[in-house]
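> First residue of the first sequence? That's 1 in the UniProt record's numbering, and the numbers climb one at a time after it.
To be clear, the hints were calculated from the coordinates, so they are not data collected in a lab. Hints should not be assumed to be uniformly reliable.
[Said to hold, decoys possible] Once the Cα atoms are required to be at most 30 angstroms apart in a straight line, the calculated DSSO-like pairs of lysine-lysine come out as: (1) K405 to K372; (2) K265 to K607; (3) K405 to K265; (4) K321 to K241; (5) K265 to K80; (6) K321 to K368; (7) K44 to K110; (8) K112 to K405; (9) K321 to K112; (10) K607 to K343; (11) K405 to K598; (12) K368 to K265.
Small disclaimer: the values here were computed from a predicted structure and weren't measured.
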Amino acid sequence: MIAQIIVDVPVNRTNRPFDYRVPAWLTPLIRVGSRVVVPFGPRKLQGYVTGITDEGTDFTDHARLKEVEQVLDDTPPLTKELLDMSEWMSKQYLCPWVTAVQAMLPAVLKGKSEKWLTATDDLDEDTCGNSGLLWELSRKRQLPLAEVEKQFPEEYLLVPGWIHSGLLATEYQVKDRITRKHQSFVRCLLSPEQLAEAIASLPARAEQMRRVLTLFSQHADQSFSMQMLRDEWGITRSPLKSLEAKGWLVMEQVEVYRDPYANRKFSDKAKPEFTPLQKQVLAPVLSSIQSQQYAAYLLHGVTGSGKTEVYLEAIEKTLEKGQEAIFLVPEISLTPQMVERFKARFGADVAVLHSGLSQGEKFDEWRKIIRKQVKVVVGARSAIFAPFENVGLIVIDEEHESSYKQEETPRYHAREVALWRAKRNHAVLMMGSATPALETYALATRGRYTLLEMPERVGNRPMPAVHVVDMREELQAENRSMFSRKLHEMIADRLEKQEQMVIFLNRRGFSTFVMCRSCGYTMRCIHCDISLTYHKTNHTARCHYCGYTIAQPAHCPECQSEHIRFFGTGTQKVEAELAKLFPGIRVIRMDVDTTSRKGAHEELLSKFRKGQGDVLLGTQMIAKGLDFPRVTLAGIIAADTSLHIPDFRAAEKTFQLLTQVGGRAGRHELDGDVVIQTYTPEHYSIQHATRHDYRSFYEDEMLQRRRTGYPPYFRLVLLTFSHEDVPVVIRSAHTMADYLRQRLAETTILLGPVASPIARVKDRFRFQIMLKYRDEPQLSALLAQATAAFDEWNKQQKVLMTIDVDPYVLL
DNA sequence: AGCACGCCGACT
DNA sequence: GTCGGCGTGCTC
1 MIAQIIVDVP VNRTNRPFDY RVPAWLTPLI RVGSRVVVPF GPRKLQGYVT GITDEGTDFT
61 DHARLKEVEQ VLDDTPPLTK ELLDMSEWMS KQYLCPWVTA VQAMLPAVLK GKSEKWLTAT
121 DDLDEDTCGN SGLLWELSRK RQLPLAEVEK QFPEEYLLVP GWIHSGLLAT EYQVKDRITR
181 KHQSFVRCLL SPEQLAEAIA SLPARAEQMR RVLTLFSQHA DQSFSMQMLR DEWGITRSPL
241 KSLEAKGWLV MEQVEVYRDP YANRKFSDKA KPEFTPLQKQ VLAPVLSSIQ SQQYAAYLLH
301 GVTGSGKTEV YLEAIEKTLE KGQEAIFLVP EISLTPQMVE RFKARFGADV AVLHSGLSQG
361 EKFDEWRKII RKQVKVVVGA RSAIFAPFEN VGLIVIDEEH ESSYKQEETP RYHAREVALW
421 RAKRNHAVLM MGSATPALET YALATRGRYT LLEMPERVGN RPMPAVHVVD MREELQAENR
481 SMFSRKLHEM IADRLEKQEQ MVIFLNRRGF STFVMCRSCG YTMRCIHCDI SLTYHKTNHT
541 ARCHYCGYTI AQPAHCPECQ SEHIRFFGTG TQKVEAELAK LFPGIRVIRM DVDTTSRKGA
601 HEELLSKFRK GQGDVLLGTQ MIAKGLDFPR VTLAGIIAAD TSLHIPDFRA AEKTFQLLTQ
661 VGGRAGRHEL DGDVVIQTYT PEHYSIQHAT RHDYRSFYED EMLQRRRTGY PPYFRLVLLT
721 FSHEDVPVVI RSAHTMADYL RQRLAETTIL LGPVASPIAR VKDRFRFQIM LKYRDEPQLS
781 ALLAQATAAF DEWNKQQKVL MTIDVDPYVL L
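Can you build the whole structure from these sequences, using the hints too?
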């Protein structure tokens with residue numbers, strides 16, 4: 001038996017399966033999708049089985065085949081579907097196959113290959129001499145080489161000699177980081193009759209033992225965790241030990257899942273009546289689910305139209321068919337509120353995956369999925385890789401969110417992966433948003449997705465009234481405050497009525513750079529072409545890209561002025577201003593500073609929910625998903641800061657943000673107002689957001705995209721080159737540009753090479769090429785070919801090239 | 001990516 | 001004469 005295996009060397013040169021012989025003792029265990037350890041050159045590496053054959057492939061130099069050394073799991077972590085999907089991803093996104101595989105699996109499964117130093121049989125007390133290292137090794141028999149270098153730096157140089165003389169040897173070991181959590185449980189070994197007898201036989205003073213046995217007699221055949229016995233019944237270890245000694249019960253270690261939601265009760269909420277609109281959009285979706293045929297829907301529903309209920313119902317019907325469902329949400333809106341809704345509805349059938357979990361917790365949630373102990377997965381981007389085998393429904397909530405795009409290799413978009421998965425499984429894909437991505441809506445209007453519209457809020461709640469304030473007029477009226485008169489007046493009004501508010505600060509442009517007010521000098525990173533960010537906690541200025549950190553200077557390095565200061569996070573400034581204008585106002589500020597601690601996010605929101613704050617003040621993180629009945633005002637301090645960033649999606653992002661923030665207000669009994677402050681009130685994204693008019697925004701923005709040649713009219717590929725020397729990058733980028741120009745279709749536009757907007761990161765200069773194309777069916781193949789050619793002519797130069805298909809960030 | 005193999009300068 | 005610099009090529 002011969003296995004094809006991809007190894008954990010994520011470079012193009014090794015990006016293909018290698019043949020290995022499977023020793024007889026492993027044949028019962030090894031499967032396509034298995035995680036294995038194999039020798040590779042002089043090393044040992046982790047790999048994944050992509051195929052199993054009797055005779056091998058065209059390589060088949062049987063004499064030179066090495067053997068698979070280990071199969072790491074009893075059941076393969078990769079299903080056939082995931083394996084195929086990873087292969088497709090590696091072609092689609094031009095990434096090494098093994099990188100795509102690793103993106104699908106919990107991080108603890110990624111094995112680390114380490115070189116170890118081991119003692120041979122020749123090493124004994126006599127041969128150790130006065131070497132501390134040899135003594136250590138004669139005791140422990142083996143140590144990681146890196147450890148040896150650290151602990152015995154002066155003896156490290158002698159190691160090759162000892163290897164030569166046969167006292168030591170080196171060996172590779174592949175270790176994953178799987179850990180399992182265990183809990184002590186107590187189980188009774190007696191039958192009910194024996195139990196009664198035992199209780200009667202206990203001495204009168206054996207109070208605790210009697211309580212334990214009584215408990216077991218009341219709950220026959222049940223076992224109790226020690227923790228529970230202690231916490232709820234006040235039973236300590238010693239009576240249990242005595243009972244165990246009598247042979248009446250046993251204490252055992254049972255593996256348990258790490259459950260971040262343990263000890264939480266989820267209330268069952270009654271299913272609400274569906275509105276006519278909800279019924280109308282559900283009908284086709286449920287019928288697709290019934291027929292188990294591929295179908296893709298775009299649910300375009302205004303904020304507060306009750307999309308989540310639609311999703312929940314569709315999921316429930318999928319489960320009733322005996323199929324599984326994946327529910328994707330943007331990282332930021334995977335709030336406790338959302339989780340609670342799912343847990344209340346589907347109980348123990350749900351696994352939750354998000355970045356707040358520890359690696360161990362993620363692994364446990366993943367195991368619930370692969371062991372078929374859950375039917376629904378709720379999670380951020382990577383939850384699309386849930387190892388289900390009978391997926392009937394995939395839902396993507398807030399489908400326009402940019403967090404569905406991964407910004408590292410593999411640079412995939414969860415929406416695209418979901419589409420592949422839905423087709424493969426004959427499943428239903430449902431994307432939902434109040435502000436769909438232009439690409440998605442365009443495909444829906446062309447019939448590629450079925451468009452479902454919910455233009456009204458639940459219970460016929462009116463959309464909030466939107467007031468646009470021209471901040472230039474405020475300035476003319478001598479109002480230099482960051483609050484317009486309108487917003488000021490409305491805040492005062494809400495305070496009086498004891499209603500709540502959400503105040504949103506668009507952080508782009510309000511960054512926290514450090515600038516001298518006297519000479520205008522700004523602090524910049526010495527390795528990267530960007531401004532340093534001020535960090536209040538330890539009074540430092542820090543680079544977001546490379547981590548370069550310096551103490552915040554007291555004087556300007558340029559002009560010695562003392563007036564060098566950071567231009568605040570914004571939120572802090574707004575908070576101070578609010579306190580000044582409205583004495584006694586209770587502000588709950590949510591930004592990077594106040595939410596960095598684990599659980600802080602949740603705490604602040606629940607504080608606000610309980611009414612312990614008048615204002616929820618924050619950045620992007622408060623823009624979506626939140627639903628507080630008493631919020632009747634949403635204020636946006638500076639709507640246009642995101643309008644002027646150099647990004648073809650700037651207008652779209654602004655429209656989405658304004659719509660989402662506005663959607664926080666007046667969702668329940670009380671009517672809501674939205675105040676948008678801006679210096680460009682005439683801009684179409686602000687105008688259409690004001691009228692809650694997605695369709696008009698879509699049409700205007702489509703005209704722009706057509707004019708400028710951006711998606712959805714053109715698709716993009718971004719190639720970025722980086723190197724320490726400018727001439728070297730430039731030459732490299734030009735060679736690639738020439739290579740591509742000769743082979744691309746005439747209608748394809750190649751822009752550049754030009755310096756990247758952030759021209760230097762970590763001391764490497766960056767140049768980029770942008771491809772804009774409409775029809776280029778062989779593009780992936782061409783880019784793969786180009787990458788191979790690039791590797792060939794770039795051998796000694798060490799220029800790095802990254803390819804981003806359908807990029808979101810053009811920096 | 002690592003790692004070994006191999007071919008030229010500054011040391012015992 | 002040898003130690004070690006890092007260019008080159010390979011990994012089933």
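> It remains to establish, for every hint, whether it holds in the given structure.
Status of the hints after comparison with the structure:
Distance restraint check for K405 and K372: the Cα-Cα separation of roughly 28 angstroms lies within the 30 angstroms cut-off, and the hinted pair is therefore satisfied. At most 30 angstroms may separate the alpha-carbon atoms for a hinted pair to count; K265 and K607 meet this at roughly 19 angstroms. Under the criterion of a C-alpha separation no larger than 30 angstroms, the hint pairing K405 with K265 is inconsistent with the structure, at around 34 angstroms. Of the supplied pair hints, the one linking K321 and K241 is violated, its CA atoms being roughly 48 angstroms apart against a limit of 30 angstroms.
Taking the CA atoms of K265 and K80, the gap is near 37 angstroms; set against the 30 angstroms cutoff, the hint is violated. With a C-alpha separation of about 20 angstroms, the suggested pairing of K321 with K368 holds against the 30 angstroms cut-off. Straight-line distance between C-alpha atoms of K44 and K110 comes to about 14 angstroms, which keeps the hinted pair within the 30 angstroms bound. A hinted pair counts as satisfied when its Cα atoms are at most 30 angstroms apart, and K112 with K405 qualifies at roughly 27 angstroms.
For the hint linking K321 to K112, the alpha-carbon distance of about 41 angstroms lies beyond 30 angstroms, and the restraint is violated. Restraint check for K607 and K343: the C-alpha separation of about 22 angstroms stays at or below 30 angstroms, so the hint holds. With a CA separation close to 25 angstroms, the supplied pair K405 and K598 stays within the 30 angstroms bound. For the proposed pair K368 and K265, the alpha carbon gap of about 20 angstroms is at most 30 angstroms, so the pair holds.
Checked against the numbered hints above, the structure breaks hints 3, 4, 5 and 9 and satisfies the rest.
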